[in-house]
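Here the protein sequences line up with chains A and B, keeping their order. When we follow the working numbering, the leftmost residue of the first sequence carries the number 2, and every step to the right adds one. When we follow the working numbering, the leftmost residue of the second sequence carries the number 641, and every step to the right adds one.
Everything labelled a hint here was simulated from the structure, so no lab data went into it. A hint or two may mislead.
Covered by chain A, per the in silico footprint, the following chain B stretches (three or more residues, Cβ under 8 Å) [stated by the list, open to error]:
id	segment
1	692 to 703
2	721 to 733
3	775 to 785
4	817 to 823
Backbone N, C-alpha and C define an ideal beta-carbon position, used for all residues, glycine too.
Below are the chains, spelled out letter by letter.
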Amino acid sequence: MGTYRLLLVFLSLLASASAQQAPNDTFKVEGTVINSVTGKPLPRVLVQLSVRSVLTGPEGEFSFDGVAAGRASIMLMKPGYFGPGETPRSYNNAFDVGPDTGKIILKLAPEVVIAGHVTGQDEEPLEGASMQVLGFREIEGRQVLMPVRGDVRTDEDGNFRIAGLPSGRYYLAVRAGNLARRVLGAQTRKAPEAYPAIVYYPGTADLAAATALDLAPGQKVDTPFSISLSPAYKLAGKVVAAGEWKQINSPMIIDSLDQVLFTPEQFDAASGAFEFRAVPAGTYTIRVSGSDLQNHYRFSTHKVTVSGSVTNFHLSLQPGINIPVVERSEFNKPRERGSSCPWSDSNGELHQSDCSDYPGARVELISLDSVRLRFSSDWHPVKDPSDYAVNGVAPGKYMVRAQPSFGGYVQSLRSGNLDLLREVLTVPEEGSVAPIEVVLRDDPGTLKVIVHAEKPGQPATILVLPDGAFFPSPNLIGNTSTEVDFPPMAPGNYKVFAFDSLDGLDYGDPEALAKYASKAAAVTVTANGNASVIVNVIHNGE
Amino acid sequence: MLQKIVSCLALVVTAVVALAGQQRSLAVTALAGFEISGTLVNANTGQPIPRARVAIAPVTQRDNFTTLITHEDGRFTFPNLTPGKYTLTAQARGYLLQSFNQHDQLSSSIVVGPDLDSSNLLFRLAPEGAISGVVTDEAGEPVRNAQVMLYFTGLSAGIDATRPRGGTRTNDEGAYHFGHLLPGHYLVAVSAQPWYAQHVTPQDGSMDTPPGQIAFDPQAARPLDVAYPVTFSGGVTDAGAAVPIVLGHGDKAVADVSLQPVPAVRMRLPESVDFNRGSRVELQKRVLEGPPVRVATQFRGNSQGRMEIVGLAPGRYTLTTNLPGPEAEKAQSQEIDIDSNGEIDSNQANVYVPVSAKVQFDGGAPAGQPTLQLLNKKSGEAVSAPIGSDGTLVFRQGVVPGAYEVSLFTNSGAYAKSITAAGARVTGRTIEIRPGAEVRLAIGATVGQGSITGTALREGKPLAGAMIVLVPADPAHNQVLFRRDQSDSDGTFALANVVPGAYTLLALENGWDLAWMKPEVLKNYLGRGAAVQVQPNGKYELKVAVQ
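Next comes chain B alone, as it looks inside the complex (with noise of 0.2 Å):
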């Protein structure tokens, strides 16, 4: 059952669900009389929880919750409920809010009804782990308001990456902290100005210095001149280098980082770049595979007349430039690097590619607010620009060159039944944009996405906690068309949102720690799926084989 939970955390626990191998309790001939019971427990230690929340609600009602606190020795009953399906969820302070056996967001609604066994749950709730740490400077004085920024490498929905997991700032002692964290492996980045710095520009001053006033020394002024690079724990510039935090369930880390100040340089804007049209520019730079973060700029005349951005340290900065009016569309991102020279190596810049499509729908455009998502495959992440009424758009600052995956969002469940592309590769759902080749999308659009339910089988019996994957054909180039649930205590699941094509179901048990969206990984289960070719408007019902 895909379970939409109130925390944002998703959460991956090795819980053996144990309700299929359980005894059948006597046949219950009432039609209400039926109870969800169990015990609470943490999952690390198997130690009961009390005073606990643990709330049940029908999957059909979501927000009608029944909730009730658990005794001290971690048991919970709700009695007299009617038959049918009900999500379990618990709260406990220094656990993760989780619905029962939840793997990422996924968990297993309970079933209650005629011959099924729905008490003495083993509900195990996994331990919250925190990071926290004091950012300094160089003379060991707390940092104010540094971003932080928490990234988690392992699995995560099949994937094995490195991703942001939040970001924040630290208080006036330098302090920050991450909480309600999983078990896995961190890396902690700190991105600052030093408070002090002063980027000034060496100045044609006068012979004459007026009353009360001073030289300009440049000698005099370098010190300042400093800026802090993107420093991680462990007190390393150089991401590679970095040692990560390994947090196991409930471990509390302390990450403290120092920050040390190297000599500032600056870049040098385009020449297109002018602020009395109303330029508009933005600087960010990219952490790990990480979204780019974006950087506080200063800007100077130099003295050729020159913008340029002082108070940087060296590395790699994505530089987004602006015009208004009937200009935007010039509008240009570029990845730069700027060595410790503080020079540009324009024949470096990784410039952003121009990207637009024409989306033919089938039967006139969608009501609402259609949009295009365009999804990194290396790093992760989503850019996606609204469809015009006429079908057109457009991703205004390009977009950085690389292998994405196309697909459509609309109120009308519309999808991609066509891509074709000039400019790019296009291979089942994933386009190759090149450095320097415009990109001009053509989407054929229809509606009529298919739905699948069906029962995950052990041995010919329902088997609770199995996670489904339905494979797309291709699934190296078609990892948006992947759709996943996780069986009931009944076995049964459902997939909605099917995109029409050809597939293979598969039932996995534990499959929770498998890169399951790898072909490599895939192979050994493909073999023993459930092929099904979903038509559009396709409902289909399934009995798979739990591998």
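Just chain A, same shape as in the assembly (with noise of 0.2 Å):
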């Protein structure tokens, strides 16, 4: 759907205790969108209650003959428009079908605009500079700064526009980096000019020098921006590849988040040499990348300060570290796989496995370095120990995580003295790593979540987190409104949250949580036995 948004008002699976009607009964639905700024009525909403759509008439109204008796869920959307929060587990709004419905009223937020004007050399309006929105998403449960829109161009009279975002904070960056060349004259030989690579609102190259925008529903703000061009340098030398590879890629200049800022206007594969031919005064990092003899994606980074031209910078590029990952599986019955497991060699062709060869778990590294940053274990039949192995990791901080491939859970999973469930794993620059040991059994304990809720049906997310883990594995998350089985788990002790939203939490940081620690349930699963307990919701941010 392009830039709309899915507007939900999400879905309970829970059936409510309070439907005593026979389940033949059918009833009216019906009720009215309103802005929940204006408070006025919005026509033309697209309104969805289970397999029937309607728009909403010109008083936002809509109705639903024939639905049954029972907890039903409606979905709004409207383009411009957002629901309350913004993910679709942040918030609950499912409702009960009976007599006594009444009339509903739904809310929707309207979108804010950031909007401006960006003014180049000689006063003029700039054309073509490319605008960027940041703003914080979630990723495995922290709130990231990454970019959230992007692609939009000042036009012919240097004006933009962006829309379609929820109320929020963000941050606003206009790259020009490469603009000069439609300045006539300014990419001359002899002194070549160009516009800074990346500034931030209102006019910082350092995103932490940045102005956030604070935008609540509706708002829109303006936002103007004046840059100039200046000294431009050359930048040249040559990648250094160490050992052996199939291809080597053209060197880039690269921002915070990783994105490019510039290429090179020439670059050599067979030789390594590069030259970007204008850059401005400033530190950049350089990513250099390239594929193994395997067919990996490698990559290193240089930092490099351009003062003045540069002829001869040397850019080393490593294949990275290998860590072998070594599997016990302590089963007590045969583990049951299943019987088909394609996989393509490097040649791309495809080959059927019955998976008896397969690993027993997937590893995988997170880089906390970097936003998407992350490295598996490779899924292929392991004909040989050095088949298991994650391949070509780059250096840095990681949290670890193996996933159990046919079953079972994982016990521990190591790298020689340290403990991955709780410990960050440090990638050096050269040398090894020790290899990562994961045991895996079959004898997990079960655990059922009774959640107490003030209001009957109240939604609620729940979280299990383990005794001095990073972060919650994702399968232990849930979202109910009475109780939850969750899958059977590691023996060991936890903590668990009931949150009514999730909304701006950083939940897979653990000192965030840690303030929440009081009103957690703590419970204990043993092997084979079966845990219950019992949470209050706590009311995220209170």
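Both chains are sitting in their own frames, so use the hints and assemble them into the complex.
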């Protein structure tokens, strides 16, 4: 649906205890959709109740005939509007269908609009500047700043307009590093000039010094920029790749969020020679990358400060470090595996395996330094112990996760003396990392969580956090209003939280959860045991 | 001088170059101290353009600019130049970025030196036009993210045709804008889906409606099972009825488009499509004669277990199906008409034709990535395929039947010296691909393209700004062999990469308004052109009289 947002008044799968009617009784459901800021009715909102969809009328009104009694849910959608919160899991607004249903009032919040004007050299409007909005998004339970809208360019009058964003905190950047070529003569050979690669609102190259835009629903802000040309310099040199490579890619100058700022005007893959012709003075990160002989993407990053022409800059490309994985399965009964594990070899040819030669767990390294950087163990038959490894890992800090492939649970995850379920793995520039040892067992316990809500039917999101762990495993998050049975899990001590909303909560960060620890319920899951725990709903932010 | 200008916008101006008619200045003997000077004016009104950027660069060092800003009276002077040829380019807000006396991608370079006058140039800059508008839906609300396509109808590179000139998307206010436009006739076409559309397939619902649910009602679903047909400026959906937007110099036109929904139809996919086996399906639509535009697709299984594409407006589509792995060669494209009942008439399907080729290079395949291009003579659309190291290539998804011209692109400058085909008729560079007839091309390739330099003369004197056209024999079937330039201020020109063969060289004054690629237009001029037989690696120096 492109830029449209699905607005979910979210469904609850559990039947309400209050639905007393015979299942064949049907009722009329009617209501009105209003703008949450102005209170005015909203016409032409798409309203969906199970398989039926209607558009609201001129007064925001809608109705459905023949709805069976019970717990129902409604989804709303209209371009330019958002529900309360923006992630489907963040709220829940189901209602009961019966003789007492009455008229429902549903609210939609208007989008925010960031508009502005970019002035360039000679006080002229700057056309073609690339505007980027940064916002917070949840990744692994952490609120991470990342680009949420790009590819908006200023028009020939230097104006831009970005809409379709929910209320929230944003940063705005203009990227104009390659626009000097549109200024006649600015990229002359003798004394080239360039616009700055990136400027954050209101006018800084440093994201930390930028002004945040805190926008309420329906708010429109005007964000003018003024940038000018400055002397630019040649940055030339060579990519020096260690070992053998299938392909060496062109180096790129990137920003703090891994976005490309400059690509070189010249690059020769055979010799590795590159040339950026006009880079404004500043300190930059250059990424060099390539494909190794197994066709895996590898990269290295380098810092460079440009204050004059550089002609012999050497960028080394390291293959990364291979970390072997060793799996030990302490299973009591033979594990059940699928019968069909297709895989394709390096020539792209498809093969079939009966899965018996596949690793029992996939190991994933999630970078704590770079937003989307992760490395996984290969997923193909293990003919030789060296086939089971996480290859080409770039230096840095990682959290490590293992996911059983064919059942069981991860009893322990270690690298040498490190307990990877509770400690960070640091991968050095050179040298080696002790093998990652995964121990799998098949005697999990079960856990039933019973939610005590103030209002019956109030939704909650349940988090189950192993004591001392980094982050809750995603399969331990439920969404329920009364009780939930979790999938079999590793024996151990857990804290159980039930939040009314996860909006803006860094639930992946143990420190962010620590302040709610007194409201969490503690439970111990034993091998083959059946644990249950009662937990009160915690109000997010209280 | 063939000018690679910074802007990708081409331009047609009816500028008159008066260089040859100007008084010769007194001979200057020093080897420096020459100048390029003149006045920058609005090509439409003749008014001077102040505070604009003007730059020169030696033609041998095109990135070695000297830049200045014009005075209040539009004057500019580049003093102390050494003799040589210079490009002259200007940029001003509200005008297209242009080189001196620019036409299409061609312009005249300025030659400075003894006995040459490069002062008091009249540099005419064409003001740019714009088309903008708002796309609204049937309720008058703005349509966001609608695909807006711009088409130009008129003379471009010697052919009178309708060609795409850009595309954009509407913003949250439904607004779109195309700037930097040449005068001419334009059409705007809008493609969008109703944001609220619901393409629900009737299912055999169970008799009992589960709690909180509602029974499916096909009658109730119908009002939202709609689509927008491609709609042109003026609100019409028939391309033939679209009224062009006539844009004059510097005009800012407004073309709002209102979309009206029609009941959506479904397209049943061929039985060979099996998503479980990795089939991929792509749907495209050809708007006017332009290249096909991708159509967003939603798939649904129907009650017979076949897959359908839902939510389409009736019309003609191009459906491409792909299978992975060893069956990739079964990829197929076909043009399909869907009427308002949504049924495909398979007899009408215009199936793409498989085309393969074997290219025999004299002295072995060249380095780099050589490609073979087929240029559709009707639509102007080019399809190309890489030539393998064994000289073979295949157009994987086939080719729409029609007339194509064949050309090679290689680093080595290799050209096709012979073209034969099984399954298609070949005339010159043109192959006729017929429906249902697989085509196998055999191409002999060699290196050694020639070049021609020369001078355009009128009454024995060099003429600046003349259009130079190198016309191949049998021009109707050899459009890719045409070469073109514009004479510089000293009347000189250069044509590179000339495929050996017989040609007629023409110099035309004000030739920019001619459909010069058309044989019926050319025949008026060919008699007074200069015949030249270009041999492999031949280099020719010619004088040609301006007509």
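Status of the hints after comparison with the structure:
1. 692 to 703: holds (count 6)
2. 721 to 733: holds (count 4)
3. 775 to 785: holds (count 4)
4. 817 to 823: holds (count 3)
Checked against the numbered hints above, the structure violates none of them.
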